[in-house]
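Participant: Sequence:
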Amino acid sequence: MKRKIVFFTLSLFLNFFSNNSYCQFSANFTPDWAECLGQNGSYYETVNCAILHSNGYVYCVGYTVNGVHDFFISKVSPTNGVEVFSSSPLISASTDILHSVAESSDSTLIAVGVVGNHSSLYPNYYGAGDLVVARFNQDGLMTNIKTFGGTKIDRAYSVICNSDSTIVIAGKTASIDNDFSNSNSHGGVDGLVMKLDYNFDVIWKLRVGTAGEDCFNRIIKSRDGNYLCVGYSVPDTLDFNKRNVMFCKVTNSGTALSTKYYFSTMESSSTGISLAEDSINGNIFIVGTNYDNYMAAYGSNSFIIKTNFNGTQIKRVDYAYNNTSSFRDLVIVDNTLYIVGEIPLNVRKMGIYIFDENLNNISQTGYLTIGSNDVPYSILYYDNSFILAGMCYGSAGSVNYWNNYSPTSNYDAAILKVSKSSALSLPEFESKNGSFVVYPNPSSDFIFLLNNSAKLKISSIKVLDILGRELICLNNPNNIDKVAIDIHELKEGLYVMIVNNEYSIKFIKE
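Going letter by letter, the sequence shown gives residues 2 to 511 in our numbering.
Bear in mind the hints are in silico, worked out from the structure with no lab data behind them. It should be emphasised that the depicted structure is a prediction, and the values quoted were computed from it without experimental measurement. Hints may be right or wrong, so weigh each one.
To be verified - Quick list of in silico lysine to any residue cross-link-like pairs, SDA-like style, CA-CA up to 25 Å: (1) LYS316 x ASP279; (2) LYS307 x GLN365; (3) LYS222 x THR337; (4) LYS261 x SER186; (5) LYS463 x ASN359; (6) LYS492 x ASN361; (7) LYS261 x ASP225; (8) LYS222 x LEU53; (9) LYS206 x ASN163; (10) LYS261 x SER280; (11) LYS196 x THR252; (12) LYS261 x ILE161; (13) LYS421 x TYR58; (14) LYS222 x TYR339; (15) LYS261 x VAL332; (16) LYS222 x GLU104; (17) LYS261 x ARG224; (18) LYS316 x GLY283; (19) LYS153 x LYS196; (20) LYS463 x ASP487; (21) LYS261 x ASN282; (22) LYS147 x ASP178; (23) LYS421 x ILE488; (24) LYS206 x ILE177; (25) LYS307 x LEU360; (26) LYS421 x ASP33; (27) LYS316 x PHE447; (28) LYS261 x TRP205; (29) LYS196 x LYS222; (30) LYS206 x ASP107; (31) LYS147 x VAL134; (32) LYS243 x LYS261.
The whole structure should be built from the sequences, with the hints applied where relevant.
Facilitator: Right, dumping it as C-alpha cells:
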C-alpha cells in the first residue's frame, strides 16, 4: 500500500514555526520512463551494471542469450530512455557475460566478466571459463580484449578505473597455474583483486581468502585512495551453504590492509553484494542478502552493515519486507541511503528502500514495476531522479508498462527512471527555534521526530485519529534524540500527532 503524509500546523500554533525551513523529500516515486533493451523475439537479456558516462549517456552491460550467452552493451539517453545502440560484440558458442563497466580516463569504457571456450580466438585461454577485460569506444565498438586464467574457474565481477589510466578488477580465481601460477593461493577459490595498466598488462595481483570458497562481488575506491572490496567467504570446505560476508581494504600497491568477516557461519549464509562510502564521515555501508536461523520464518532477508573506514562493524540491520527481500545495490544522496532490490523476493518487483545513515528505515517505495519477475541489479542517481537497471519478465501488463517489451522472450534487459514525487507538498516540519524536526514527507511506514540536542523536553508523543481517538502513545522519550513512530498499520486518512501535549501536527496517510 502506498502511503503519503502531509505535515502542517494548526492555526493556533503557526507562530512557533518557520515556513522557510521546509525542504523537498519524498518516499514516493513516479516512473518517468521504462524501457526494454536489446533484441526482440526469442532473445533475452539482462543488465548487470549501468553507469552514467561523462558524455551524459547511460551505458549498460550484461548478456544476451539466443541459445548461448554473449556480451551485451547498450547506450541509453537518461532523459527519455531512448536506446542509442545495442551491441553484442563477441558472438561464440560459449558463455560470455559482462558483469561490470567503468569509464576510463580517456572516456572509453572498460568492461569485465567471464568468457567460455575461446581457445581458437585467444592463445592464453586455459579453460573452465576465464576472466575477461574489454575496452569499448563510446559507440560500442570493442577495441581491445584480453583474458586471464588457468585450468580452473576465474571470474571478474567488478571494475573501477583510475585517473592514471590503470584499472582495478575484483572477482575470484581457483587457478594456481598459467596466469595465476605466481599468486599466493589460500586453497579452493580465492577472492581476487588485480591491477592492470592501460594495455591490460598486470601490475599486481592479490588473492584473499580461506581454505574454502571466497569471492569479491564489488570494488570501489575510497576517499583515502585505497580500494574497498566486498563479497563472501566460505571457510568450511565441507559446507558451502554457510557463507560469511567478506570485506577487504587494499592499498594502491596491492597489500591487504584489513580483512573482515561478518556473521557467524553457525547462524547464516550471507553474501555482500554492493557497498558505498560516505564521502564526509568515511563510514562504509555494505548491502546484500542473508539467511539467519533466528529469522528462519522469513526465508531469505536482506541486511545493511555500517562500518568505519577500516571495516570495523558499527551496526548491522536485518530487513525483510513482506517476509522476503533482496538488496542489490545502493547510492548515498544527502546522507540518505537509497537501496535497490526486489519487493518482495517471491514476486520480484523492483523497489527502492530508504535508510538514514544510522540505518533507520525511513520508507520504501513499494512496487515500481508490474512484471512477475522484475529484478534490479544497479541504481544510479541522476538529476534528482534514480535510474534502475536489471531485467523484467512478463505479466499481462508488461507490454503496456515496458516500452519495447517482447512477450515472446524469456526476459528482457530493462532500465527504468523514477523521480521523487512531492504531490502532497511539505515534506519536513521544523520548529522555528530548531528544537525538533518531524520527517519525512511523504513517508511509507515511519515518522521520525528528531529532538535536536534535547532542546525540547518531551513527556509524550501521541497519534490520534481525526475524531480524537488515541492510536499510538510513546511516554517519556526525553533521553532519545531521535524517535521512530511506526505508522504502517494505520489506514489511509487524516491523523494528528501531539508532541509534549503542546504542539499538534496533522498528517494524512494514503
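Participant: Now, for every hint given, state plainly whether the structure supports it.
Facilitator: Hint by hint, here is what the structure shows:
Among the hinted pairs, LYS316 with ASP279 is consistent with the structure: their alpha-carbon atoms are about 15 Å apart, no more than 25 Å. Distance check on the hinted pair: LYS307 and GLN365 sit about 19 Å apart at the alpha-carbon level, within 25 Å; holds. Distance restraint check for LYS222 and THR337: the Cα-Cα separation of roughly 20 Å lies within the 25 Å cut-off, and the hinted pair is therefore satisfied. Using a Cα cut-off of 25 Å, the hinted pair LYS261 and SER186 holds, with the two alpha carbons roughly 18 Å apart.
Restraint check for LYS463 and ASN359: the C-alpha separation of about 24 Å stays at or below 25 Å, so the hint holds. A C-alpha spacing of about 22 Å is found between LYS492 and ASN361, which places the hinted pair at or below 25 Å, so the restraint holds. At most 25 Å may separate the alpha-carbon atoms for a hinted pair to count; LYS261 and ASP225 meet this at roughly 18 Å. Simply put, LYS222 and LEU53 have alpha-carbon atoms about 17 Å apart, close enough for the 25 Å limit, and the pair holds.
For the given pair, LYS206 sits about 16 Å from ASN163 by alpha-carbon distance, which is consistent with the 25 Å threshold. Between the alpha carbons of LYS261 and SER280 the distance comes to roughly 21 Å, so the proposed pair stays at or under 25 Å and holds. Straight-line distance between C-alpha atoms of LYS196 and THR252 comes to about 11 Å, which keeps the hinted pair within the 25 Å bound. Between LYS261 and ILE161 the alpha-carbon distance is near 21 Å, which keeps this suggested pair within the 25 Å criterion.
The straight-line distance between the Cα atoms of LYS421 and TYR58 is roughly 21 Å, inside the 25 Å bound, and the hint therefore holds. A hinted pair counts as satisfied when its Cα atoms are at most 25 Å apart, and LYS222 with TYR339 qualifies at roughly 19 Å. With a C-alpha separation of about 22 Å, the suggested pairing of LYS261 with VAL332 holds against the 25 Å cut-off. With a C-alpha separation of about 14 Å, the suggested pair LYS222 and GLU104 falls inside the 25 Å cut-off, and the hint holds.
Proposed proximity of LYS261 and ARG224 is supported: the alpha carbons are some 19 Å apart, at most 25 Å. Pair hint LYS316 plus GLY283 holds up; C-alpha atoms about 15 Å apart against a cutoff of 25 Å. Restraint check: the Cα-Cα separation between LYS153 and LYS196 comes to about 21 Å, which is no more than 25 Å; the hinted pair holds. Distance hint between LYS463 and ASP487 is fulfilled; the C-alpha atoms sit about 12 Å from each other, no more than 25 Å.
For the hint pairing LYS261 with ASN282, the CA-to-CA distance comes to about 20 Å; that is within 25 Å, so the pair holds. The straight-line distance between the Cα atoms of LYS147 and ASP178 is roughly 17 Å, inside the 25 Å bound, and the hint therefore holds. Annotation: proposed proximity of LYS421 to ILE488 holds, straight-line Cα distance about 21 Å (limit 25 Å). Between LYS206 and ILE177 the alpha-carbon distance is near 12 Å, which keeps this suggested pair within the 25 Å criterion.
For the suggested pair LYS307 and LEU360, the alpha carbons sit about 8 Å apart, so the restraint of at most 25 Å is met. At most 25 Å may separate the alpha-carbon atoms for a hinted pair to count; LYS421 and ASP33 meet this at roughly 10 Å. At roughly 20 Å between alpha-carbon atoms, LYS316 and PHE447 fall within 25 Å of each other, so this suggested pair holds. Annotation: proposed proximity of LYS261 to TRP205 holds, straight-line Cα distance about 22 Å (limit 25 Å).
A hinted pair counts as satisfied when its Cα atoms are at most 25 Å apart, and LYS196 with LYS222 qualifies at roughly 13 Å. Among the hinted pairs, LYS206 with ASP107 is consistent with the structure: their alpha-carbon atoms are about 24 Å apart, no more than 25 Å. For the hint linking LYS147 to VAL134, the alpha-carbon distance of about 5 Å falls within 25 Å, and the restraint holds. Of the supplied pair hints, the one linking LYS243 and LYS261 holds, its CA atoms being roughly 16 Å apart against a limit of 25 Å.
Of the numbered hints given earlier, the model fails none.
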